[in-house]
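*Asks:* Chains as they are written, first to last, in the UniProt record's numbering: chain R, 1 to 406; chain P, 1 to 406; chain U, 1 to 406; chain A, 1 to 406.
Think of the hints as simulated: they come from the structure by calculation, not from any bench.
You may find that some hints are simply not true.
Intra- or inter-copy, both count: the list cannot distinguish identical chains.
Unchecked claim - Derived PhoX-like pairs: lysine-lysine, alpha-carbon spacing no greater than 25 Å straight-line:
#1 Lys-19 with Lys-60
#2 Lys-313 with Lys-96
#3 Lys-19 with Lys-197
#4 Lys-185 with Lys-164
#5 Lys-197 with Lys-218
#6 Lys-362 with Lys-313
#7 Lys-362 with Lys-118
#8 Lys-218 with Lys-313
#9 Lys-118 with Lys-218
4 protein chains.
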Amino acid sequence: MSTFGNYFRVTTAGESHGKTVSCIVENCPPGLSLVESDIQPQLNRRRPGQSAISTPRDEKDRVTIGSGCEFGRTLGTPILLTVPNEDQRPHDYGSKTIDLYPRPSHADWTYLEKYGTKASSGGGRSSARETIARVAAGAVAEKWLREAYGVEIVAFVSSVGNIKLFDDRPVTDSDDIDSLSSNPKFLELVDSLTREKVDEFLPVRCPDTTVAKRMEDKIAELRDQHDSTGGTVTCIIRGCPSGLGEPCFDKLEALLAHAIMSIPATKGFEIGSGFRGAEMRGSRHNDPFVSTPADDATPSAGAGIPPSRLQTKTNHSAGIQGGISNGMPIFFRVAFKPPATISQDQTTARYDASGEGVLTAKGRHDPNVAPRAVPIVEAMAALTIADALMAQHARQMGIKIAAARR
Amino acid sequence: MSTFGNYFRVTTAGESHGKTVSCIVENCPPGLSLVESDIQPQLNRRRPGQSAISTPRDEKDRVTIGSGCEFGRTLGTPILLTVPNEDQRPHDYGSKTIDLYPRPSHADWTYLEKYGTKASSGGGRSSARETIARVAAGAVAEKWLREAYGVEIVAFVSSVGNIKLFDDRPVTDSDDIDSLSSNPKFLELVDSLTREKVDEFLPVRCPDTTVAKRMEDKIAELRDQHDSTGGTVTCIIRGCPSGLGEPCFDKLEALLAHAIMSIPATKGFEIGSGFRGAEMRGSRHNDPFVSTPADDATPSAGAGIPPSRLQTKTNHSAGIQGGISNGMPIFFRVAFKPPATISQDQTTARYDASGEGVLTAKGRHDPNVAPRAVPIVEAMAALTIADALMAQHARQMGIKIAAARR
Amino acid sequence: MSTFGNYFRVTTAGESHGKTVSCIVENCPPGLSLVESDIQPQLNRRRPGQSAISTPRDEKDRVTIGSGCEFGRTLGTPILLTVPNEDQRPHDYGSKTIDLYPRPSHADWTYLEKYGTKASSGGGRSSARETIARVAAGAVAEKWLREAYGVEIVAFVSSVGNIKLFDDRPVTDSDDIDSLSSNPKFLELVDSLTREKVDEFLPVRCPDTTVAKRMEDKIAELRDQHDSTGGTVTCIIRGCPSGLGEPCFDKLEALLAHAIMSIPATKGFEIGSGFRGAEMRGSRHNDPFVSTPADDATPSAGAGIPPSRLQTKTNHSAGIQGGISNGMPIFFRVAFKPPATISQDQTTARYDASGEGVLTAKGRHDPNVAPRAVPIVEAMAALTIADALMAQHARQMGIKIAAARR
Amino acid sequence: MSTFGNYFRVTTAGESHGKTVSCIVENCPPGLSLVESDIQPQLNRRRPGQSAISTPRDEKDRVTIGSGCEFGRTLGTPILLTVPNEDQRPHDYGSKTIDLYPRPSHADWTYLEKYGTKASSGGGRSSARETIARVAAGAVAEKWLREAYGVEIVAFVSSVGNIKLFDDRPVTDSDDIDSLSSNPKFLELVDSLTREKVDEFLPVRCPDTTVAKRMEDKIAELRDQHDSTGGTVTCIIRGCPSGLGEPCFDKLEALLAHAIMSIPATKGFEIGSGFRGAEMRGSRHNDPFVSTPADDATPSAGAGIPPSRLQTKTNHSAGIQGGISNGMPIFFRVAFKPPATISQDQTTARYDASGEGVLTAKGRHDPNVAPRAVPIVEAMAALTIADALMAQHARQMGIKIAAARR
């Protein structure tokens, strides 16, 4: 489906060569202050080499609000967001071999298998332009989350190829294994990292001067080799109210996994202690509860969902226990595969299965997508939390009213 | 939600101390041969130390078909499956400290935050008994997938703590990194592993005599230390038709991630090359196409979805490209955290935030859940593929008819 | 689908000859007092000749709560309700002709067309027993609506054949036409009718001694003629909070129409002024607003949704304007066709289209279903309002919180 | 929700004073020939005094396909359709009293109750412009239905005020009552009426010269009286395949009722024999089966769903039995209330409940909406059938494949 969410719901449309990429956001609460300039910064960050705080160099990927707002406020009705495509002519990429060969590890072949028809752009909706609609919708969700609950969502690049911000190999072969969720340097980022800080490390968006430099060098090296590499993005959600996530199939981590693994090129998702957590002892992995300090109310204090009376001393659970948020920070990590488009000739089979041949390379391509994926990951996280919040509210007021009348 | 799927849809109910755990399976195609003994084997495998091929020792967790079948065939109407709880009395675990302290890394606290009420069993639907309904529904889905398409789904334990069937550390620090999807030993399992073979390695379900022995020893060691550890389960889906998965939010890997990460205690999901794939070069990661050999028709040949004319030489994509299946085997890996229930006293906070104290340990507990998770992972995979198949069929016949009339 | 509702959601299962008729109610707010005896009365009223206030003659159609409740309170988790079938043996009605001929205006033929298989009971889920699950689920919804909001739902029989409680023919041929929504006698019922009052008029449930007697006579006459007739049921919803109904496809009247027209044997639905309203002048049909008297707070005053500051002087809109409730009473009318099962021989075609013949009659049958439809209509109304309330709450708290932080 | 359908799914957006009215159509089968001129005729028919066969006088309400099509064919991806608003400036209707008084029987008040905010256009999405998106999406659905299955959908005006094409009063007071479904003149229309024929009777779209003239006179008379009146629209669906409609809550008549009652200003829906059917005898109402003549194959013969082997001699069921289509023509009738906007002053209450006053009339208004509702009713019927068809296909191919492998 091109629809995400049951309550706070977005439907997207648009492929590379149509007139527009667009989305309709349903059920955004009314009365929210919302204009195009609330959305444009994340669209700018999604474009290559851009930062939310820098002035965009040009007017590309400009979003328009087509409905659902009046005098700068949401009406509660569906919000249409459109971004025009610059190159709207359907074509075949001006290449002979691309007509004959489905590109390896692209969606050209599977779209044909699914739909029995071939978009001129190859994989139709698998184009990276599709993610524009996610980012636009996500910006609306996070405006609401921030204004109403003080939720903050920040993602950053945690690895490019085998250059990693945090070493993920166990220090020992003993059983006293720890995961990222025990790393003090990481936990400091969990508490304090901002988007502005992340964008200081452009173009790679890895918040460490030394590692960021190594990542830039690695990307340059692969570009020179006409090759590509993957990377990981880590995302932090602060101030998420407790009680979100719907047992048993819509646990909060399941909804996040669905959202994140729907981003093109993702190959893995881990939350909290993640895969390394599977190697830990239970006695080390369990997060003991402590009382919430009186002066440590979450940003949403006083609002609809009061801050949790309890916190956890450690946070291997990454703010989710039994599929439900507990108010502690949520963090997860995403793996992106190396881009399939490389500037090398590739031997592969013809569409008609009549034999193999060489798909010729054309032009220069981005050898790594992780930095641009940062705002996309943030958008999908925001859409997930907004939807889970509305699900919880649907139940919650009913509880309150029933209690009040008893 | 307690509902999974849009087409092939299951709704589950039941916590530890109610009368039953149950589910309703909607939209199962009619005319499918289905009796209780089609479902019971997987329920037996879910119980400790059981195998599908062995005779269950007793009559526990017996499933009953309450509707939707007649004379051993499905009617196309909703199928009610129920399994009685043996201990139906709501109680408080007979412990004083468990009334005062939410158990660390359990769902006791978050269920209270979400619902404002406390089930006597603590985390309500977070109980492991909830998974009985998944396994029962999954057995119906896979009966259909096997009979109609020849799909085979097999999961196994790939690690227990830091004992791993396949080493996941890169062999070199060079860029020529490979992932599990390049490992010949693993690829052989992808092609040939059966559930019968997996169950030969009970109690750990890891298909390697040496490694299985080390895992058993590790589990025994942790039991003696009153501790627990996590593990990973790897799942293989063979014979999945091409064309499944709905762009853009319901990519097949996103649906699988959602399904799998909704299983209790999961912390990570990776598909194909996974996290290691993020370190690979694109030229190494891309899967070149080759023509499908004439004699290598997939098991569903002749059925509704013909076998794909093309295959891939390598399979880092794990059978999914652009979110859509290509007919090659699908495989993914799941991380399970160490069980939170351990036989040690734990210091933690009181429900009422009035201070910390010691939650006392009681009884002996299973120090590892991976072997029992095997049929649960298989069930969720089956439900996902069945739902995606029906989504594709909804569209597909429309295409065929339109084409026939042109 | 066998699922109704997006928020307060019920999934039903069961046909005549399976073990049980059942349903799972999802998302019922936690903390609601709920035991079997809250549900049983409406099931009793659904049975022939029964009243909620009379002691049921026997133990038929006894409901069991299988999960989702503990110590007499809902947990917020899915509630399984089951009612056993008394005659669980699949059979062919012991008739020869019924094997050869699909019964006219039954679902025998269309179920075969849809599913390609034939339940021994003929139309599978089209059996009247299916409605047991609706009534059980509806009783849960209305318990919540009554306790938390003071909503009252009362239905009654408004016609049997051409015996009508209210004449629906226009008094004049002029343009000054009025509808039922102008009838003082009807408006009095809208304000005051109770289920207890309705059941005083058993067996027909038409709250007028004279008309009820004529209806009884009509039914007796048709029984003697081995024939049947239809009827209408009118339903009143009092105390419904304002603001319910989701523009634009899920207007409250559209949701009610969906719910009601899913009841077996319904042929029409009209709300407020209805079909007669289409003949009225706009100046007569418009409902002018008046201020709500200070002492006339709705029963839900003080609860989550405050009473509307405005009321309408007339109520041709039946409490819904622009698809959204305005706090005034809602009322609608439903047409039920004559039961297709009659005690006469009928000439019809064979299943195999090999020619016509005579389907022989067997036994005695109920010549009118309207009185038993009363609790079914109430149940579907309750499920609709409960779902719409949760949809509104999902949005509402978000509005409040955003406003509080501005 | 602003979303309709589960499989063939449309999401709409746009109110009177935003930039555009728009919709996204999801899951339209790929390969369908589709350009703007397939959609524009129904949008033209929706405008006052227009016909599909006449050239539109101007370029108003022009639709643009923004995505999902290439080279005049659908890609299977979401189709964005947009229609610009001509007057995009939010304003307050330039009236003083309209700022103070919610208009009687409009949605001004209920939108404020629901959303806590007021669109300058009053009722936000309750504007008639919202229906543009329905008509555009419906035109796509019916293109597919017509091309792939030969389905024909034709609606017409059956009454304006108390001027009726068919008298709906019973001819006798005996029990031998008949409904519209027995009327030979109506049944002839069921078999033969076309949209071209209906548009010959513009401006009222009632296919009878004498009655149409009386309707025109009635509308003129009401206009002179600064008043309005309602009307009914009857819709016929020919060539609908058998087997559509999902037990038990999504019976085909329930889905149609939902779809139709979501159209602004509707007050009633009846199908087949309708409310009059509730007065008939069962022996007269039952539709006996007959074999389908060999030469009378439905237009979809040879396509995915073969024509039903049986037909019915009469058709009081209107092509639906047990909630499932049987292949016979479907027909239903819709009541529209008189437009609430009238050119008279009206006494009503202030928004702030501070007292009553006079809402002054402004300009001239359309005293009857039935003729323009015709393409809207057709659109909602088409969307309903398209969605039901895909639901059935989802199940159907699974049945076929399972059967083939047995």
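*Asks:* Next step is simple, just say for each hint if it's right about the structure.
*Replies:* Going through the hints against the structure:
1. Lys-19 with Lys-60: both (14 Å within a copy, 20 Å between copies)
2. Lys-313 with Lys-96: between (61 Å within a copy, 23 Å between copies)
3. Lys-19 with Lys-197: neither (35 Å within a copy, 37 Å between copies)
4. Lys-185 with Lys-164: within (13 Å within a copy, 28 Å between copies)
5. Lys-197 with Lys-218: So Lys-197 and Lys-218 pass the 25 Å test inside one copy only (22 Å; across, 44 Å).
6. Lys-362 with Lys-313: between (54 Å within a copy, 23 Å between copies)
7. Lys-362 with Lys-118: within (21 Å within a copy, 54 Å between copies)
8. Lys-218 with Lys-313: Neither way: Lys-218 and Lys-313 sit 38 Å apart in one copy and 28 Å across, limit 25 Å.
9. Lys-118 with Lys-218: Neither: 35 Å inside a chain and 53 Å across chains, both beyond 25 Å.
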